[in-house]
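J.: My request is simple: use the sequences and hints to build the entire structure.
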Amino acid sequence: MVSSASTASLLLPLPSCSSSEESDDGKPLPPLTAQEASSPPPSQLKRRRGRLERDYNVAMKALALSGDVDEVLAVFAELRRSLADAGDGGAAPNVLCYNTLVNALAEAGRTEEALRALDEMLASGVAPNASSHNILIKMHARRSEFDLAWELIHKSEMEPDAATYSTLIAGLCRVGKVAEAWGVLDWMLEKNCLPMVHTYTPIVQAYCREGRIEEAKLLMVEMERLGCLPNVVTYNVLIRALCDSGRFDEVEQILVDSRTKDWNPSTVTYNIYMNGLCKKGKTKEALEQLDVMLGEGMDPTAYTLSILLNCLCHDSRLLDAIYLLERSTELKWHAGVVAYNTVMSRLCEMGKWMSILKLLTDMIKKGIEPNTRTFNILIHSLCVVGKFSLAKSLIQSEGFAADVVTYNTLLHWSYHCGKLTGANRLISAMEEKNIALDEVTYTIIIDGLCREGKFDAATGYFLKSLKIGLSMDVLTVLLNRLACADRIWEIHRIFDEKDFIPDHLVFNLTIRTLCRASYCHYRDFYKLNLILDKMLERK
DNA sequence: ATAGGGTTAG
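Residue numbering for the first sequence follows full-length UniProt numbering, beginning at 1 and increasing consecutively.
Hint data in this document are derived by calculation from the structure and do not stem from the laboratory. There could be a bad hint or two in this list.
As the list claims (entries may be wrong) - Straight line, CA to CA, 25 Å or less: simulated BS3-like cross-link-like pairs of lysine-lysine: (1) Lys217 with Lys177; (2) Lys498 with Lys534; (3) Lys352 with Lys279; (4) Lys464 with Lys419; (5) Lys366 with Lys352; (6) Lys534 with Lys454; (7) Lys261 with Lys284; (8) Lys392 with Lys352; (9) Lys419 with Lys387; (10) Lys527 with Lys454; (11) Lys155 with Lys217; (12) Lys392 with Lys419; (13) Lys332 with Lys366; (14) Lys61 with Lys332; (15) Lys454 with Lys392; (16) Lys387 with Lys358; (17) Lys61 with Lys46; (18) Lys527 with Lys498; (19) Lys433 with Lys392.
T.: So this is what it looks like as structure tokens:
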């Protein structure tokens with residue numbers, strides 16, 4: 001279990017609020033007066049409680065917004081302690097605080113902990129409200145448990161509102177089930193529940209993700225017709241899609257039009273635009289947008305800085321990037337862990353190990369805590385400069401939760417250094433620590449084993465990988481290796497496996513791979529025939 | 001006062 005929830009809630013201090021920009025207004029609570037401390041009247045006690053909960057909730061939300069879930073946990077624990085000390089028998093925090101906590105955990109993908117927090121809330125006798133209900137539905141939707149979500153909506157006494165349906169629609173759209181999303185929309189209309197921007201925006205986003213930009217635009221026109229005006233979020237979704245396909249003229253047009261429409265671009269809008277320009281190599285234009293944004297009186301956020309640094313790094317202006325990073329505090333630009341990670345990973349690609357170390361010490365000095373990604377970059381760069389053993393020993397470091405990326409990095413370099421037993425030990429360690437192997441892991445293992453001539457073992461890992469679903473990337477790597485090494489019996493073994501369900505894409509890939517490996521030559525043609533037969537058996 | 005849109009690692 002990676003969860004540092006319990007330890008974090010015991011050990012971490014109150015939020016200093018220095019890391020998050022929004023929470024500076026969280027004034028310290030006034031100290032108890034002597035009278036309050038001895039035996040405050042119940043009404044005053046209640047007021048104090050309310051104030052305490054509100055202030056803590058504000059802080060928790062700010063932290064959740066800046067993605068600092070562990071801090072949210074810490075603040076919640078602190079709140080619980082304060083309430084216990086406040087004198088009325090250790091009453092639990094109210095629903096709103098619990099909702100903030102559960103939602104922050106759910107957003108961070110820490111579903112188990114979110115569910116535990118929810119259980120704890122119920123056990124403390126705190127009654128859930130409509131929001132708690134919606135958050136739970138969102139969790140089910142995120143895990144693609146739509147049946148459960150639907151069941152919850154029906155059997156609950158809570159009357160589903162537009163937010164409930166919108167949550168479900170968003171979940172469906174996330175996994176590309178747009179038709180089902182429309183189905184829910186129809187259902188809510190039947191129930192006389194009026195859709196809102198939150199209902200349509202996920203559908204617009206789903207269209208955008210599939211590259212159906214024109215349909216997305218049409219839907220936005222339809223929204224206007226229905227009096228459900230697209231807002232800044234809807235436009236941001238569209239702008240991102242336009243950026244991804246390089247349609248910057250249209251982005252400009254939308255920004256111009258915004259002045260006569262009912263929405264205003266936000267910092268996020270410019271972040272999206274700048275990042276889009278940067279990804280298409282238009283550094284100069286991206287920096288121009290920064291000026292536009294500052295001219296509009298908008299403050300850059302931690303995101304803005306990371307995007308700009310990324311931009312500079314891609315333009316190989318590393319010295320500028322490092323300079324900006326070092327000066328960020330005096331410029332009042334918020335450098336966060338992502339900003340440092342961005343620059344460090346670029347330095348890593350260039351093998352500048354000493355510079356990475358310097359940035360690492362800088363960030364720690366500034367009180368910015370390195371996260372798992374920071375460690376992964378560190379480990380990767382150690383591998384690049386040939387310090388593999390040192391890199392490997394870093395997994396044991398205190399306070400660092402190695403994840404699948406960490407292990408993938410180490411695995412890749414184990415094979416690279418020819419350390420097969422070491423690689424096997426790493427795989428066992430993953431299993432012990434319940435870190436699930438992903439597509440990348442299997443690709444690395446299969447490629448590594450094949451390079452050592454261990455085709456049988458590699459094929460075995462491929463068959464194992466089917467448990468997490470067929471990945472064309474993994475299959476491509478294996479087929480290439482097997483074909484080049486003329487290991488047709490292993491290819492047979494793949495097609496014999498009953499868990500392997502080949503479709504036309506698989507057939508296509510197999511035949512193309514074999515032909516490229518010169519199986520079309522007349523002397524080898526019989527082998528191709530054998531495999532074709534095998535494939536047709538499975539049809 | 002629950003929700004949505006933006007950045008980094010293999």
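J.: Taking the hints in turn, state whether each one holds.
T.: We went through each hint and held it up to the structure:
no., hint, result
1, Lys217 with Lys177, "19 Å, holds"
2, Lys498 with Lys534, "13 Å, holds"
3, Lys352 with Lys279, "23 Å, holds"
4, Lys464 with Lys419, "22 Å, holds"
5, Lys366 with Lys352, "22 Å, holds"
6, Lys534 with Lys454, "23 Å, holds"
7, Lys261 with Lys284, "28 Å, violated"
8, Lys392 with Lys352, "19 Å, holds"
9, Lys419 with Lys387, "14 Å, holds"
10, Lys527 with Lys454, "21 Å, holds"
11, Lys155 with Lys217, "37 Å, violated"
12, Lys392 with Lys419, "12 Å, holds"
13, Lys332 with Lys366, "13 Å, holds"
14, Lys61 with Lys332, "22 Å, holds"
15, Lys454 with Lys392, "24 Å, holds"
16, Lys387 with Lys358, "18 Å, holds"
17, Lys61 with Lys46, "22 Å, holds"
18, Lys527 with Lys498, "22 Å, holds"
19, Lys433 with Lys392, "16 Å, holds"
Violated hints for the displayed structure, listed by number in ascending order: 7 and 11.
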